[in-house]
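J.: Next come the chains, spelled out residue by residue.
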Amino acid sequence: MLKEQIAATLLGLARIAAVAAATVSMAQAAQAAEAPYKLGYLVDASGQQSTTLKPTFDAFQLYIAQLNRAGGVNGRQVQIVTRDIQSDTQRSLNAVEQLRSESVSAVLGLGATNTHAPVYAAAQKLGLPVLASNPINIPIVLPPVKPYAFGLGQELSLAGIIGGHFAHRLRPQGKTIACVAFEVPGSILSCNKILEQAKAEGYQRGELYTVPISQRDFRAVVDRIVSLNPDVVADCIGREHLAALLPVLAASAYSGIFLSMDTGIGDKTLIDAVPANSKLQVYSFTRFVTHGDGAGSQASALRTALAAAHMPDDDASYAGGWALGLVVTDALRRCQGACGPDALRAALENVDIDSGGLTGARLTFTPNDHYGPSAWRLYRYDAAGKSLSAVGGWQRIASDGKLTP
Amino acid sequence: MSSLQSGALEPHTRTIFPRGAVQPALLAVAIAALGAPFALGGYGLYIASSGGVMALGAMALTVLSGSAGLPSLGTAAFMAIGAFSAGILATQWGLGMLPALLLALVLGFAAGAGVALLTLRVSGLYLAVGTLALQHVVQIVATDLDLKFTYASGFMLESPHIAGLAIDTPAKWWGMTIVLLLGVYVLFRSLQRGHVGREWALLRMEPTAAATLGVSPVRARLTVFALTSAVIAASGAIDGYRLGNVQATGYSLHLAIMYLTVVALGGAGGLVGAVVASYAIVVLPDAIAAVLATLGIDATTRLAGIDNMLLGALLVCALLDLPARARRVILRPGAASAARREP
Amino acid sequence: MNVWSFSLDLLSSAVTYALLALAVVLAWRTSRVLMFCVGEIGMTSAYVMNGIARAAGGGVWGFALGVAGALVVAALIGWLLFALLRQLSAAGDYFVGTVVTIAVSIFLTGLMSSVWSGETVQLPLPHPMLAWGGVTFSAVSACIVVIGAALIGVLLFAFYQSRAGIELQAVAGNWTLAVLSGIPAARWFAAVWIVASMLSAVGGIFSGVISAVSISGAAVGFSGIVAAIMGGLTSPAGALAGAFALALGENLTSLWFDARYSVAVPVVLLVLLLALRPAGLSGRVEHISRS
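Chains as they are written, first to last, in our numbering: chain A, 1 to 405; chain B, 1001 to 1343; chain C, 2001 to 2291.
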């Protein structure tokens, strides 16, 4: 009797142990399966550049929140580890080291030109892929391919070529073009490209006006523009510079075309800077849609999300951030195993998705091209109606700089 | 002349390393400090090297502003000279870090001597103007070089090699940094305690007496400025290799101001203080961000600017030694208000 | 481009720099501290002015209220600087004082980010172009020149002619002697910092009117510091001279060469001038020890 009792107890205990073990291993497996994908994001949440760089991040956050609510990717949530770097190189590099120790699979963000290159150099040594997002990318992301550098924003030299082309489109008979840059290699490079392309398409004279980074008083530059009287004035400057330049230009005697490169400018900056009765014709060009433009599933989803978050649809960077979310989702979906940095890098090299109306081309990376072909759009600013409307179709450009119809 | 007997000249009568029972304790602390980063992993080693490389330039600047009393806004310009030398030598001629250091020392010395020659005959204040002019000129030249040679991406530098040994891991970087820190420390310490340093101190405190003793103010100041500029340029070359990337936008006036902050924090003239303050500045922003993160404030919230406010407040407290003053006010209110009435 | 319009724009730049340079010189003369935070105080005040003016519904009253609010905030910051810097003894470390102003500028940058998100703001002012005698010029530039010149005039008069100014010079020259003479030195010390901050506020508002208000607009403070140093940091008149020289140099360089060099040329020219004329711009050798 005692032996049977002991046997029954032992059997019962064994059953309990088995069930417990099974439960524990299931929980562990579930935990491993539920362990979120971890990605780092470096952004200027405060400081001088925050108004330029944060909108992309805000829209990206909206996308990730929506994605996680719908169950995440491959059943796992996506966790974004954010660091405020304030365009400071030391903080950015500290952040990259921290992110590596927190086992992120990639570093996203970095819209400012001065942080991208050092972060890329550091991430490369750590084996972390860097996906630079909107609004500005430097030529590092273009072919010949650097293994860990990807770009999904507006690369400066390509933006310059597009700008020169649009200038010709707006004034086919134009003879003179001016470009305003500020004292940063990327900005000067972009303006040089604008002038080069315009001259290649028929313009005869190009003038570059470079201002020191801290310059806020543009009256002397505007005086020179007025005396030069070019057909088109283009630019590659930041939000604060444009906010200082445009009112002065609009109030001056110049009555030609101002072509703004949307380096994270935002529609509101144009609206605030150009008076209603201005005789200056203001255009803007950008890679991603803004101001209600764009028809497609993702464009609609973006607008719904913006409306739900009480954010106005007035910045092309929002579409840029949403596009980043799409690319990241696609790469994670195809990422093997636990999705470490190398697996994610391999997955990123095969992204090929429809942008859903956010831009006029597919979002594509290949092993030989970590930027892909891009499409750009020209908008006309209507000062009286305070609105932007698209002009003409999308202009596509390959990452080697060739314009494709 | 009573000021001559104040603390500034006393340390010069001791030798480079303090004697007595203090030495083993300091040695133990030093060894612990040197070994600690290894225990902290990649991030710790990275911070250790960052702070150490910054300390190289900070030590030079503190000698300049502390021992010699000269203000300088040129730190970023000299670092740019060194860094761009390294970048150009590496990408155009395939030369490594040692030639870059040599070139940086030479160019830094020349630029420092040039600026000092132009401005020091007037006054130390105009030396600040001269360094500001240098900053603007170097910024423009650096932007052009960046554009011409690197297509706006900056010079990419591979891991440096010293006598065949590649410095390609964080541990090796920390090892090299330690060696450099010790070297620069010994250099400046021996200068400060030698007759050159006594000349500088005398010049700063009692210029009239120095003139009567035949100390040429222009020559002495020129020497210290050129020498410290050379060291700062060399630290710029090393920092370029540490970052792995050299670009024009990295050497702004903001960087020079940051170095001045480090020197003030560490106490002008204090070499060890400069090293400690360098680490404080490197670590502080992240430390504040980490503390704020535990309170739920991070990059995603609207209040992201609070970390700068905290940083500014902490710097003020440290600079003015507010905790000590608060203690004095609390413990002895009568004495404190008497002290305030004094000039 | 006409000479009158150019000159008016030049003068408005000079006036803006002059206000900031005066603030720097005032602070330097009394406490040997180089006031690095003039730009940040200016931009913070401009943000405050913008906020109050818009909340009050714009218009003349809103604008006036905004300016008053901005000046109050600037005075508070000035008082804070006084409270912090009085801790330093007179024979103490001026370098530390200078870096304290750097720390305050970091603090204000964070404040602007937190409270106003660092948004770029156009001040709610019209920018009409006026025509007079066949010449068009900017009404805004004209207003800045008139108001700024009046302010500077009042300040110079107060500094050189009034009892307050003379007492201030005494405090700046020799604190102990001033105290022994019965001059309320600490009160003047506080007044100096408050006035310097309010001058920075006006300079910042003018700069915001000419361009736009943003965190990076604080860089105009550096032009003020350079102008002050160019004038020798010795006197308010020197500050004016330095401001005018800097504005002239910048604008002429932009006009004749390239705006790119507009900041570098005036400073480089000064250095070269000093190399040729080692006695400095003021031309007077005051004492043997140079520092």
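It should be emphasised that the hints constitute simulated quantities derived from the structure, not laboratory data.
Built from N, CA and C at the ideal position, the CB exists for glycine as well.
One or more of the hints may lead you astray.
As the list claims (entries may be wrong) - Ranges between beta-carbon positions, derived for each pair: (1) His1254/B / Thr404/A: 48 to 56 Å; (2) Pro172/A / Asn2002/C: 47 to 55 Å; (3) Leu1187/B / Leu403/A: 31 to 39 Å; (4) Leu2125/C / Glu102/A: 46 to 54 Å; (5) Val1141/B / Ala2149/C: 49 to 57 Å; (6) Pro275/A / Val2154/C: 32 to 40 Å; (7) Ala390/A / His1254/B: 54 to 62 Å; (8) Pro144/A / Gly1042/B: 25 to 33 Å; (9) Leu1187/B / Gly2153/C: 19 to 27 Å; (10) Pro275/A / Ile2147/C: 29 to 37 Å; (11) Ala1171/B / Gly393/A: 31 to 39 Å.
Unchecked claim - Each computed DSS-like pair below joins lysine-lysine, with the alpha-carbon atoms no more than 27 Å apart: (12) Lys1172/B / Lys386/A; (13) Lys1172/B / Lys402/A; (14) Lys38/A / Lys146/A; (15) Lys1172/B / Lys175/A.
J.: Evaluate each hint against the coordinates.
T.: Evaluation of the provided hints:
Here the CB-CB span from His1254/B to Thr404/A is close to 42 Å, at odds with the stated 48 to 56 Å. Distance hint check: the CB atoms of Pro172/A and Asn2002/C are about 33 Å apart, inconsistent with the given range 47 to 55 Å. Separated by about 58 Å at the C-beta atoms, Leu1187/B and Leu403/A break the suggested range of 31 to 39 Å. Separated by about 48 Å at the C-beta atoms, Leu2125/C and Glu102/A satisfy the suggested range of 46 to 54 Å.
For Val1141/B and Ala2149/C, the Cβ-Cβ distance of about 38 Å falls outside the hinted range of 49 to 57 Å, so the restraint is violated. Range check, Pro275/A to Val2154/C: about 34 Å between beta-carbon atoms, so the 32 to 40 Å window is met. At roughly 39 Å, the beta-carbon separation of Ala390/A and His1254/B lies outside the given 54 to 62 Å, and the hint is violated. At roughly 29 Å, the beta-carbon separation of Pro144/A and Gly1042/B lies within the given 25 to 33 Å, and the hint holds.
One distance hint, 19 to 27 Å for the beta-carbon pair Leu1187/B and Gly2153/C, is violated here, with the actual separation near 54 Å. Judged by the Cβ atoms, the range 29 to 37 Å given for Pro275/A and Ile2147/C is violated: they are separated by roughly 23 Å. With their beta carbons about 56 Å apart, Ala1171/B and Gly393/A fall outside the hinted range of 31 to 39 Å. At most 27 Å may separate the alpha-carbon atoms for a hinted pair to count; Lys1172/B and Lys386/A exceed this at roughly 59 Å.
Among the hinted pairs, Lys1172/B with Lys402/A is inconsistent with the structure: their alpha-carbon atoms are about 45 Å apart, more than 27 Å. This hinted pair checks out: Lys38/A and Lys146/A have alpha carbons roughly 23 Å apart, not beyond 27 Å. For the hint linking Lys1172/B to Lys175/A, the alpha-carbon distance of about 58 Å lies beyond 27 Å, and the restraint is violated.
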